[in-house]
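Residue numbers (my numbering), protein chains in the order written: chain R, 582 to 909; chain W, 632 to 777; chain C, 879 to 1061.
No lab work stands behind these hints: they were computed from the structure. Quick caveat, the model's predicted, so the values are computed rather than measured. All residues carry an ideal CB built from backbone N, CA and C; glycine is no exception. Heads up, a few of these hints could be off.
Straight-line alpha carbon distances no greater than 27 Å define the calculated DSS-like cross-link-like pairs of lysine-lysine that follow [stated by the list, open to error]:
(1) K733/W to K882/R
(2) K771/W to K721/W
(3) K1024/C to K907/R
(4) K715/R to K645/R
(5) K720/W to K644/W
(6) K714/W to K685/W
(7) K644/W to K889/R
(8) K733/W to K693/W
(9) K693/W to K644/W
Stretch-level coverage of chain R by chain W, calculated; a stretch enters the list once three of its residues show a Cβ under 8 Å from a Cβ in chain W [claimed, not checked]:
(10) 621 to 628
(11) 873 to 885
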Amino acid sequence: MDTSIWRPIIYLVCFMAFAGLNAAYLGWCERKGAGRIQRRTGPMEVGFHGLLQPLADGLKLMTKQLLVPEGVDQILFRIAPILAMIPALTSMVVIPFSDNIQGRAVELSVLMLFALASIGMIAILIGGWASANKYAVISAARAVSQNLAYEIPMLLTVITIVMITGSMNLQDIAMDQQGGFWHWNIFRFDKSIFMPVSFLIFFICSVAETNRAPFDMAEAESELIAGFMTEYGSMGFGLFMMGEYLNIVVGACLTTILFLGGWSCPFGLFPGVWWFLIKIYILIFTFIWVRWTYPRTQVYKLLNLSWKILIPFSMVNLLVTAAFIKVF
Amino acid sequence: MSAYWNDVFGGAKSLAIGLSITAREFFKPVITMQYPWEVPEIPERYRGHIELVKNEKTGKPKCICCGMCMRSCPSGCISLVGKKPEGEKKKVLTKYELDFTKCSLCGSCIESCNFGAIRFSKDYNLASTRKEDYVFDLLKRLEEQG
Amino acid sequence: MQEFICQTSANPSLFSAEGFVGLIFLVTIGLIVAGALVATCARRLVRSVAGLALCFTGVAGMYYFLLAPFVAMMQMLIYVGAVAILIAFAIMMATPEEGDLPGRRISALAGPLGFATGALLFAALTVLAIRTPWQVFPREGSADMKHIGTVLLTSHSMVFELISIVLLIAIIGALVLARRGRN
């Protein structure tokens, strides 16, 4: 009984700390990455190489007045940032970081992640609408139509993986890929010759799902000011921001587990949770790298990409995988 | 149909090229200057506000109070006062004020000075919220510079 | 979880696992009722949609308590993630202005009659629920996906076919509606 009480508490504290640190320090990483790519230094002033910058930013956000503009929907306006944060935090519970580090082994964890992501979508919609600001409403509509459009290829790709493994449990999916990189789903040519393409599709979709550049239509500064966050200040904005970064972490974790073998080491050396962390941070770096490489696309091009390229490709991959599994 | 495939493969190729460019840039050295910590060298012909030139031998300003600079200034931002002390032949500068709020850095004053007594300074980091701070007492400034 | 639910009736303390599960059960019911109330009573349509989403979330929790996590997740994914959002979209397209809907006088009888109908339904269902001798059936198979998949393609394949037809009709209908706008 003792262990059953303490285990969740320890996990809760650790995951909260992990999530909080990530949410805070990914902002720093992003600014540093953007700086390096543009041959600047990024934040340098607060602490060694700006390492205390996230703390300073957090303090600033927390001490600012929580402004609720006139004419907004009082209740929904306050609920939205919380709703944006909660699903991202909750998703951490089902993610297996290693074969024995997982908050709760849920049988349908893949599905659960997507179910939680849909709450995030509601948060954006509510936040955008409650702001009573035309830019916020346009941005919310864009964000949600984009999320809906990209959820389809993403789910189709996930179904491919689920078919290969025969389970919706992230733990099982990762276990299935143990031992050398040739067992990873991305290189499983015996299941489908298109697995790398499938990985690419999934990665593109996760960039789009997290509303990041080049798919950041929702907060296209040049047209929409700050999108659905326009009317938010202080910690309301902070929560949206943290939710966004946490979504990136969750996306990277999911990509790692589904395609890159979870915590398995490429060559069978030193198995452990660090391989998982290395992989997710490489993916997160790629997120940052992509963001500072490509200019923003247009809404209709974005939707065309999903409907005309990603969905047919993932559909074909699904059929090919089904055929391969049936034949071999 | 081939247009579609061209679009897909061409697009993928150009995306990869873009990524490779930024990856290369990532590892190149930083080219920006960390301003307050690193100060750039001010070019020779930089025009800051004017300053008085010191006579190296006497340690006094070279200015002989002829007032040419004051007269040549199109915006009238220079005002100087010279006094003849007891038993001296030449005037000595007692006050030299520059109203920098009006100065357009045209350099007429420097051209008009036959004695090389004024020149452009290299002062560029000026900031203040009050107008009065831009009325410089150049004589005092010279003394402070030592 | 099965045993937790069975023991909730034994009046456990709030801080035991059973008590906590019971509390969550009550919260779920609260979510459903509160969501439904907001959805019907709110003046602003957006709040109604938010209430509906809340209600759906509560229903998903209910499915989870009924040991059908797959249905619960699907409820979240489809009803919260898609249906509620599509309704919100529809509202966004339909009404440019918020506030009271103009026109159409509502009869004075509408409120009381609606209330009476609701109360009658509620009473009938309550009586039915109390009168029915509830018996616990042994579980047939599990609610996991493999079982659902097998059942859908064998003994319940009619359902599967019907769903396919409904979806096909929906797709065709959407295409017809969307095409009409273009010339």
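Comparing the hints with the structure gives:
In summary, the hint linking K733/W to K882/R is not supported, as the alpha carbons are separated by about 54 Å, beyond the 27 Å threshold. For the hint pairing K771/W with K721/W, the CA-to-CA distance comes to about 20 Å; that is within 27 Å, so the pair holds. With a CA separation close to 17 Å, the supplied pair K1024/C and K907/R stays within the 27 Å bound. A distance of roughly 25 Å separates the Cα atoms of K715/R and K645/R; the hinted pair therefore holds under the 27 Å criterion.
This hinted pair does not check out: K720/W and K644/W have alpha carbons roughly 84 Å apart, beyond 27 Å. A C-alpha spacing of about 18 Å is found between K714/W and K685/W, which places the hinted pair at or below 27 Å, so the restraint holds. As the CA atoms of K644/W and K889/R are separated by approximately 18 Å, the hinted pair is consistent with the 27 Å bound. A C-alpha spacing of about 25 Å is found between K733/W and K693/W, which places the hinted pair at or below 27 Å, so the restraint holds.
Between K693/W and K644/W the CA atoms are separated by roughly 69 Å; this puts the pair beyond 27 Å, and the hint is violated. Counting residues of the region 621 to 628 of chain R whose beta carbon lies closer than 8 Å to any beta carbon of chain W gives 3, which reaches the threshold of three, so the coverage claim holds. Here the region 873 to 885 of chain R counts 3 residues with a CB under 8 Å from a CB of chain W, which clears the bar of 3, and the coverage holds.
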